[in-house]
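Q: We have chain A already, so just place chain B on it with the hints.
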Amino acid sequence: MIGRMRRLDIWSLITFFIFAGYLIFLALPLFMLLIKSFFDGTTGEFSLAYFYKFFSKAYYMNAVWNSLKVTVCVTLLSILVAGPLAYIMTIAKIKGSGTVRILILISSMSAPFIGAYAWILLLGRNGVITNFIFDVFGFRMPDIYGFSGVLLVLTLQLSPLIFMYVSGALKNVDNSLMEAAESMNCTGLRKMWKILVPLITPTLLAGGLLVFMRAFADFGTPMLIGEGFRTVPVLIFNEFISEVGGDDGFAAAISVIVVLFATTVFLLQKFVANRKSYSMSALNPIEPKKLKGAANWAAHLYVYLFTILAMMPQTYVAYTSFQKTSGKIFVDGYSLGSYRAAFSKVGDSIYNTFMMAGITIIIITIAAVLIAYVTVKRKGAVANLLDTFTMLPYIVPGSILGIALLVTFNQEPLVLSGSAVILIIAFVIRRLPYTIRSSAAVLHQVNDSIEEAAISLGASTMRTFFKITVPMMISGVFAGAIISWISIITELSTSIILYTGNTRTMTVAVYTEVVRGNYGVAAALSTMLTVITVVSLLLFFKLSGKKEVTM
Amino acid sequence: MSVAISFRDIVKKYGDTTVIPELSLDIQKGEFFTLLGPSGCGKTTLLRMVAGFNSIEGGALTFNEKKMNDVAPGKRNIGMVFQNYAIFPHLNVAQNVAFGLENRKVTKADQQRRVSEILNTVQIDIYKNRMPKNLSGGQQQRVALARAIVINPDVLLMDEPLSNLDAQLRVDMRNAIKSIQREVGITTVYVTHDQEEAMAVSDRIAVMKSGVIQQVGAPRDIYQRPANLFVATFIGRTNVIDAVLEGDGAGGAAVIIGSNYILTMPALLSEAKPNESVAIKISVRPEEFVLSEDGTGLAGKVVNNVFLGLNTHLIVKLENGQEVEMIQQSASNVVTDIGQRVHLAILSGTINVYDASGERNLNRGSGL
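Residue numbers (the working numbering), protein chains in the order written: chain A, 138 to 688; chain B, 290 to 657.
Hint data in this document are derived by calculation from the structure and do not stem from the laboratory. There's no promise every hint is true.
[Said to hold, decoys possible] Once the Cα atoms are required to be at most 25 Å apart in a straight line, the calculated DSS-like pairs of lysine-lysine come out as:
(1) B:K394 x A:K604
(2) B:K397 x A:K604
(3) A:K230 x A:K516
(4) A:K514 x B:K302
(5) A:K308 x A:K230
(6) B:K302 x A:K604
(7) A:K514 x A:K232
(8) B:K422 x A:K514
(9) B:K498 x B:K570
(10) B:K417 x B:K467
(11) B:K364 x A:K514
(12) A:K516 x B:K394
(13) A:K413 x A:K331
(14) A:K206 x A:K190
(15) A:K604 x B:K417
(16) B:K422 x A:K604
(17) B:K302 x A:K679
(18) B:K318 x B:K467
Same shape as in the complex, but just chain B:
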């Protein structure tokens, strides 16, 4: 049985310092929801408020409309997976997993059945009599996950569960976590600072910075239409370029970059009046540059090229001195040696345009 979680004007303070100022958020039933942000953004604080380990200084936290602010952690029926797994070192795998059931007055027979079921699900049933110190990081991770789900929690909370694993194992485990979550269907709140991991596992993501949610949305929406420059630079790689916007008086707009490159864009959410120029910033992802063969686009010089097999990353120094990154598919037969002069054209259909402060996305249909 899983629940919908709602945060209403939640405030977190440590002494006089406000860490989270009036945050509101709704997490749907059965959803895999990720809190993503750089360290210190308040994502773990928020998670621990759901768990009950952090006090709430204002607002309301509800599970299915039931207020949880002052319910003790042990009474919230949550399953939590910790960053360091927090496996009890003196208990073996089966005893670790059974610990939560023992607290719930489940009969011995039932305990055994449920423990072996869940160990099957997370595929560590052959290790059930092992002590934790004889398990690898990935196996410990699975024990932690099994221990959290076996009690049939209303909410599954995971605090950077993969950050202690090797790169390859991290990819394997995040797939495993995703499929297990889908199988059991528990509302899951997941905390990470790794945007790729967040994109891989989540139904929806909330990007946080300094205790404030910057954007909430599906991974694809966040990547393609970041609400502000912070989200654009935090999710994926991007090049931020200064530009000038000129309204054409007919609902369309022209974006002028550098001295002689003009992009025509569909209508933007801008107050620019016809024939008036406004300073803006545009965010161009590396894959949104193409090498132009007819001499249009931004002129520059290749200063570095990194061949990565699937594609080649080029670092191009523009005439104004800015260095930008672009991706050239390896199949392309254009040779780009260091020192070579190139022209970069921009695929104007997908790029994002921001006001000068970078706070507001000017593309129409960009959410917020």
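Here chain A stands alone, though its shape is the one from the complex:
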């Protein structure tokens, strides 16, 4: 119906530059990684030796098996835990449900490895709960390290994502669908299984994919709590970083396999989800009702228990940050000593985080506005390709992007390794999608005729964009930028690959302090991160007027 005049204009130029940026900083590094994996590091000849080595040694296959086991278990467990949670919160009146939702959101926004280290403090060999139970009941809790620990930490960390996805979908289910089912004598569990589950299946798949990708790519958690439980990201990191026997080419080969695998999972999910998608919007959403008796108790217990478990790491870390320390050991009494130590020892990391995240967010905001506009309002082959590029960071794990950037930009003509620039580039590419999605969502609501009105009234393309389109998008842009911001300051897997002494970020500092056993300083830094996250979230709620976040 609507035919747009195709003219070469300023937008073609903007599209070209964004495109060039993606080619240089995303496509080229990934391509370099591919090249590196197929050529011998010392002789420079084409060889499949790296792949042969990977697939022939039980040591490496073991890591693959571990990764698969953890990822699949975390995904299924998250759905099993968070699906019912979202259902209960939708149908039942829970006291303090607003607070519960915000707490669950906050818990999902922290860096996963902080959860790992907090759970070590709680349930580890010398953990508070472990010792408490030994003192009171006289027996040793089973070991938290290894598979079970990774599973616990990642499930608690990632199930909020499923919770938010499913909550959102349930909000779009019209209550009359439930009533129609009941009027046809389809009630209780049967109704849930026959009506509700099929309706939210696409959402479960989308949320499941997100959890799958994050669990698969997570590096910090298995590194800290895994204790010899090697997953693929750990393997890549060790191969790439370790001072003895580090091998770029081999790390590249593993990366290529991982990206291929992730892409397969991604496409498979898309294929299934497309066949099962419905568009829904509820005129009268399901209203939460007050449950009676035991059901009410059970519902409250389930919701509160989950919230407490999810918030436990951050709360306990915050608590320890105010504990007095003597050397590396916590002693009785409270003080701000850890904070003082944090500022004096790793104060530069706080400055670095704000400086780099600040620059990143400015670039992200501008780029997201332009990209959202191009992909929504200037549909075409180029815009579609651009859309695909912006999706890539969902499939490429952070550590792999870090390695790819490093192997590409540590030689002429463009040497960026060791600089803040390379970190900023990585952050922009990885965290841009949140802002793009949120900006594009608003833009989809803006009818084309608004711009046509401005143009018919004699405004130029640029004047229309800045005076009409941008002001209308701005709420979505800022909302997305805040989510990008939070995810930048809590980012570890790329920074750990790319940082040097001068560009250490807060998360890197937390990680290194935890590894060294400096729990006080780590706790102080983590708590600062949590506070920034909470403040940013509050700002997000204020700006967007929403009470939830789409990831």
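A: Quick look at chain B alone, frame taken from chain A:
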């Protein structure tokens, strides 16, 4: 300053699909001209070609003989009112209306004067500091109209401007639009699928179907002498009845309907030779039936009657099984209950006669 618009063999294509094949049309200066047709007939496409939002694949579009095909929308000096109003949500009423003036380098003082003048004309001056979200649909409509006219456009384009309003407001607004247009005297091209709205506002109407103009004319002409059966059924309500035409050899014609009802008509544009029978279709509007009291006319049975106050609509099932609609004035004292047998006579002076395909009106003086 308004202009005459002319379309010469205009072609619109989307890829390989031709949406409008070689269309020609002239719109006079100062005229309120309506493009009317069912959805998908190409009326909005045509309007957007005038606005410059749709490209033109062939032919020439001119304003006062000046070719406009490749002039950018912003340079055509048009005012456009969109179906969804397209009010800028972040600007208040006065800022919305002033937007076009700002682009035209009008001085601040002049801007203010013209904005308040036009807000007066469309009667929303008391809302000038309101934000759009605090306006009703009708008020937003007036803002959109004010914003389009304040720049003194050569052409005012309106794309289904009333389709989002309630029935009553729609009637009020169309009267307001008509009187404002008359007051400012701009050439106006109006698109709608609502034939009653088109009749109410237009000086002339073009009825379109599948990218082709079926008929152009004043509302009265189109209603009374529709050029083909499509126009007859699209404009107003009508009953289409199969009939047979027999020439009487003396220039007159007899129309035979059913088995025993013969209408004598003045000369028709038919090739029927004397004493030869030709199949035809006649279009009888509900008000062109009368209940006959002497048993002449089409026999039938009342199957439904709907009392609407001013008049009563009767649905009558004819002997051949066809159901027809007629209007009986409420003042009539003939009782027509469901199931009652009646005879329907036809007022032959005003009905329209078409060839069997329905493409051609056989009444003399029927235009095309």
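Q: Confirm or reject each hint.
A: Here is what the structure says about each hint:
The straight-line distance between the Cα atoms of B:K394 and A:K604 is roughly 16 Å, inside the 25 Å bound, and the hint therefore holds. Between the alpha carbons of B:K397 and A:K604 the distance comes to roughly 18 Å, so the proposed pair stays at or under 25 Å and holds. Proposed proximity of A:K230 and A:K516 is contradicted: the alpha carbons are some 44 Å apart, above 25 Å. Under the criterion of a C-alpha separation no larger than 25 Å, the hint pairing A:K514 with B:K302 is consistent with the structure, at around 21 Å.
Distance restraint check for A:K308 and A:K230: the Cα-Cα separation of roughly 14 Å lies within the 25 Å cut-off, and the hinted pair is therefore satisfied. Annotation: proposed proximity of B:K302 to A:K604 is violated, straight-line Cα distance about 33 Å (limit 25 Å). A distance of roughly 44 Å separates the Cα atoms of A:K514 and A:K232; the hinted pair therefore is violated under the 25 Å criterion. Using a Cα cut-off of 25 Å, the hinted pair B:K422 and A:K514 holds, with the two alpha carbons roughly 24 Å apart.
Between B:K498 and B:K570 the alpha-carbon distance is near 20 Å, which keeps this suggested pair within the 25 Å criterion. Distance check on the hinted pair: B:K417 and B:K467 sit about 23 Å apart at the alpha-carbon level, within 25 Å; holds. About 22 Å separates the Cα atoms of B:K364 and A:K514, which keeps this hinted pair within 25 Å; it holds. Distance check on the hinted pair: A:K516 and B:K394 sit about 33 Å apart at the alpha-carbon level, beyond 25 Å; violated.
Our distance criterion of 25 Å between C-alpha atoms is met by A:K413 and A:K331, whose separation comes to about 14 Å. Of the supplied pair hints, the one linking A:K206 and A:K190 holds, its CA atoms being roughly 22 Å apart against a limit of 25 Å. At roughly 19 Å between alpha-carbon atoms, A:K604 and B:K417 fall within 25 Å of each other, so this suggested pair holds. For the hint pairing B:K422 with A:K604, the CA-to-CA distance comes to about 18 Å; that is within 25 Å, so the pair holds.
As the CA atoms of B:K302 and A:K679 are separated by approximately 48 Å, the hinted pair breaks the 25 Å bound. Distance restraint check for B:K318 and B:K467: the Cα-Cα separation of roughly 16 Å lies within the 25 Å cut-off, and the hinted pair is therefore satisfied.
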